[in-house]
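For the record, the sequence lines run as chains A and B.
So in the numbering used here, spot 36 of the first sequence is number 36, and the numbers just go up one at a time.
If you want the numbering used here, it's the position in the second sequence, counting the first as 1, plus 1000.
FYI, nobody ran anything at the bench for these hints, they're computed from the structure.
One or more hints might be untrue.
To be verified - So these bits of chain A aren't anywhere near chain B, every CB distance computed over 10 Å:
(1) 21
(2) 80
(3) 119
(4) 198
(5) 199
(6) 217
(7) 230
(8) 280
(9) 334
(10) 358
(11) 362
(12) 391
To be verified - Straight-line C-alpha distance at most 25 Å; calculated DMTMM-like pairs for lysine to aspartate or glutamate:
(13) 1068(B) to 413(A)
(14) 326(A) to 1052(B)
(15) 292(A) to 413(A)
(16) 1151(B) to 32(A)
(17) 1068(B) to 1007(B)
(18) 326(A) to 1109(B)
(19) 1125(B) to 413(A)
(20) 326(A) to 1032(B)
(21) 1124(B) to 33(A)
(22) 292(A) to 282(A)
(23) 1125(B) to 32(A)
(24) 155(A) to 130(A)
(25) 1068(B) to 32(A)
(26) 1068(B) to 1104(B)
(27) 1124(B) to 282(A)
(28) 101(A) to 1051(B)
(29) 1125(B) to 376(A)
(30) 326(A) to 137(A)
(31) 101(A) to 1157(B)
Cβ atoms here follow ideal geometry from the backbone N, Cα and C, with glycine treated the same way.
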Amino acid sequence: MSSTAQSRSFRDLVDDRVDEGVFRVDRAVYTDEAVFEAEIERIFEGGWVFLCHESQVEKPGDYWATEIGRQPVYVMRQTDGSLGCYINSCSHRGAVLTPLKQGNVNVLTCRFHGWVYDRGGRCISIKNEELGYAAEERAGGRFDLRRIGALDSYKGFVFGSLRSDVPALRDHLAAAARWIDLLADQARDGLEVVPGCSTYVVHGNWKLQSENSVDGYHVTTLHSVFAATTAQREARDATGGMGRTESGRIRGKVPSGTYDLGNGHMGLWAQHITPHVRPIYEARAWLEDNLKPAEVDWILNRGRNLHVFPNVMLMDNPSTQIRLVKPISPALTEVSVYCIAPRGESPAARAARLRKFEDFYLTAGMATSDDAAALEAVQNGSTGPPSQWNDMTRGLDALVTGPDQGARDLGFEPVASCPDWEHEGMFLGFYRAWLDRLENGTGVA
Amino acid sequence: MSADGIDAGLEREVAALINREAMLLDRRRWNEWLDLYAEDAVYWAPAWASEEETTTDPETQLNLIYLKNRGRLEDRVFRIESRQSWASLPLDRTVHVIGNVLVESAEGDAIEATANCIVHVYGKKGAATRGSRYDFAFRRIDGALRIARKKITFIDDRLEGPVDIYHL
Ligand code: FES
Ligand SMILES: [Fe+2]
Chain A
1 MSSTAQSRSF RDLVDDRVDE GVFRVDRAVY TDEAVFEAEI ERIFEGGWVF LCHESQVEKP
61 GDYWATEIGR QPVYVMRQTD GSLGCYINSC SHRGAVLTPL KQGNVNVLTC RFHGWVYDRG
121 GRCISIKNEE LGYAAEERAG GRFDLRRIGA LDSYKGFVFG SLRSDVPALR DHLAAAARWI
181 DLLADQARDG LEVVPGCSTY VVHGNWKLQS ENSVDGYHVT TLHSVFAATT AQREARDATG
241 GMGRTESGRI RGKVPSGTYD LGNGHMGLWA QHITPHVRPI YEARAWLEDN LKPAEVDWIL
301 NRGRNLHVFP NVMLMDNPST QIRLVKPISP ALTEVSVYCI APRGESPAAR AARLRKFEDF
361 YLTAGMATSD DAAALEAVQN GSTGPPSQWN DMTRGLDALV TGPDQGARDL GFEPVASCPD
421 WEHEGMFLGF YRAWLDRLEN GTGVA
Chain B
1001 MSADGIDAGL EREVAALINR EAMLLDRRRW NEWLDLYAED AVYWAPAWAS EEETTTDPET
1061 QLNLIYLKNR GRLEDRVFRI ESRQSWASLP LDRTVHVIGN VLVESAEGDA IEATANCIVH
1121 VYGKKGAATR GSRYDFAFRR IDGALRIARK KITFIDDRLE GPVDIYHL
C-alpha cells in the first residue's frame, strides 16, 4: 500500500449532511491520483469484483483471462467441473501464462522458459529441472500458481477477490442478489454470453460509468435523439413486433425508480410501455407458469439496470448486457460489453436482441456513444478547482428508507428506495459505501 | 482484360466508386454518399469474437454495426445532422485513404471487390489512425454501379471515441 493512500483521509470528499439537506461529492473523486490509487488497492484489489459469466468457462479446461485491479488472473474450469481462479503470472519469472483472452487447454505451458501448469495450477514440469535445482528444492508445491483469495459464483455470475478476508459473496451482493435473480431466472435453460465483444475507452473516471448506469435523469435529454431516430426509422420501415424500439420511456414520463441495494450496489427501473416488443416476451407463458407474479411483472414490465459494485453493470433494458468496467487511471476507463441472452430463445428473438443491443449499447451504437461523450464532458468540466461540488440531493425529500411496495412485492431489502428514476438518492448509498471502503479497507463485514 | 480475366475498365470503375465513397464521407456530402447504396444494401461491421476472429453470423452474433437497408444508413445521417447527438457534435474530422482495390469476381452485373482503408481521425481527444478491410458487393442499377453490400472488418479492437459511418 502506498504511503499517500495510507496517510490521507478521504472523508472530506463526501459532504454527507443529509439531515441538513446536504449531500455533495467533491469532483476531485474523478481526478485525484491519490484517490485513484486508494480505490485500486482497497476497492478493486481489496474485495469482490465481477470476473465473468460461467458460460464463458463452460467445459473443463476452458479459461478466461481478466484482471482484478492491476493483477492479471484467469478463471479455469477444472476437470471435476468446479471453478478455479489463479494469479496469471508464471512462478518462474512472472510472465502472463494465458496465450489468449479465452481458450481451452489441458495444461498451460509458459511460453518463456517452458514451465507447465495443470488445470489446477500445479507446476507439473520444469524444463531441465534436475540441471538447475538441487533435489531438495524440487519439493512439490513450491512453484504452484497461487489461487486468488476468494472465488464464488451467484446464479452463473462469477466473482473473485484477491483477499480472502472478505464477506461471503451472498452477503456482499446484499439486495442486488434479487436483481441478479431477475436476469438469471427468466432463462429456462440458463443464460449464455453471445459471441462478440466490444471494448472501448472512455476518457472519464470509472465512477462516472457507475453513476451513468442508474441515472435516469439524463435519458429524456441525452437520448432524445435516439428516440427521434428510431421513431423515424419505424415510421419509414413500418417496423413491427420485436423490431420496434421501446422508446416510451425516453420520450415521456413513466413509472420508474431507483434503489440503494447496499454495499454500493444500485438499481434503476422504468416501466415498459410496449413490453411485447421485448425478446423475452415470447417466454411469457413459461414465466407465468414457473415464477411468482411479482417476478414475472418485474421481468417483463420493468426495464432494469443493475450496478454491482464496483465493476459490473447487468442491464435488462432494450437488450441484455454485461458491462465490465476497468479503471486505467483517474481519467481513463476501459469498458467491455457483452450481450447475455437466454439459451434456446427463438432465432427471431436472438436476432432482435442483438439488433437492439447494436442500436443502443455500443460505442458504434446510437446511445452509448452519446453517454460516453457526456461522461467525457463531465470529466473535463471537473478538472478545475473552482468547480468543486456535485450536488446529489435531487429527490431527497421523496427518498424512502428501506423497501417501497415494488421491493416488498418482489422480496428484497434495499437500504433506500427512490420513487423516480430522475432522483439521485441511490448515489448516497454508492458514495457512502465507496468512502467506507476507502477509509476502512476491505469492506469486511 | 487484365491477366485474371477482369475487365480493366470495370476495375477502374470499381476503384473510382470506392474512392468516391471515401471522398463523400470525408466531405460530409451525406446525401450523395447515400445515393451510392442500393435500396436493400447491407452494411455490416462485425465485432471481434476473439483476438483472432471476428463474428461471422450477424443473426446470432454481436456486431459493431449491422444495417439491413439503406434507410438504416439514412438514420445515421439523420442523427449526425440533428446536431443533438453529443458524440457527433463537433463531428470528428476524417481522411480516408483507400488502397489495394481488387475486383475479385464479376459475373454479369454482380461484382465483388476487396479494398483496404486507413482512416485518419482528428477529434476532441486528438488524432488516431485506424484500419479497415472492406469486402464489397456491387450491382448495376439503371446502368450505374451501386453498393449492394459493404462488410467492414475494423481491425481496431479497443475503440477510442465513437465509431460511426464516417469513421469506417
Ligand atoms: S517466466 Fe515462465 S517459464 Fe520462465
Ligand atoms: Fe444513457
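Checked hints:
no.: 1; hint: 21; result: holds, 31 Å
no.: 2; hint: 80; result: holds, 26 Å
no.: 3; hint: 119; result: holds, 20 Å
no.: 4; hint: 198; result: violated, 5 Å
no.: 5; hint: 199; result: violated, 5 Å
no.: 6; hint: 217; result: holds, 15 Å
no.: 7; hint: 230; result: violated, 8 Å
no.: 8; hint: 280; result: holds, 17 Å
no.: 9; hint: 334; result: violated, 7 Å
no.: 10; hint: 358; result: violated, 6 Å
no.: 11; hint: 362; result: violated, 6 Å
no.: 12; hint: 391; result: holds, 22 Å
no.: 13; hint: 1068(B) to 413(A); result: violated, 45 Å
no.: 14; hint: 326(A) to 1052(B); result: holds, 22 Å
no.: 15; hint: 292(A) to 413(A); result: holds, 18 Å
no.: 16; hint: 1151(B) to 32(A); result: violated, 43 Å
no.: 17; hint: 1068(B) to 1007(B); result: violated, 30 Å
no.: 18; hint: 326(A) to 1109(B); result: violated, 49 Å
no.: 19; hint: 1125(B) to 413(A); result: violated, 43 Å
no.: 20; hint: 326(A) to 1032(B); result: violated, 41 Å
no.: 21; hint: 1124(B) to 33(A); result: holds, 23 Å
no.: 22; hint: 292(A) to 282(A); result: holds, 17 Å
no.: 23; hint: 1125(B) to 32(A); result: holds, 20 Å
no.: 24; hint: 155(A) to 130(A); result: violated, 46 Å
no.: 25; hint: 1068(B) to 32(A); result: violated, 46 Å
no.: 26; hint: 1068(B) to 1104(B); result: holds, 23 Å
no.: 27; hint: 1124(B) to 282(A); result: violated, 43 Å
no.: 28; hint: 101(A) to 1051(B); result: holds, 7 Å
no.: 29; hint: 1125(B) to 376(A); result: holds, 10 Å
no.: 30; hint: 326(A) to 137(A); result: violated, 39 Å
no.: 31; hint: 101(A) to 1157(B); result: holds, 13 Å
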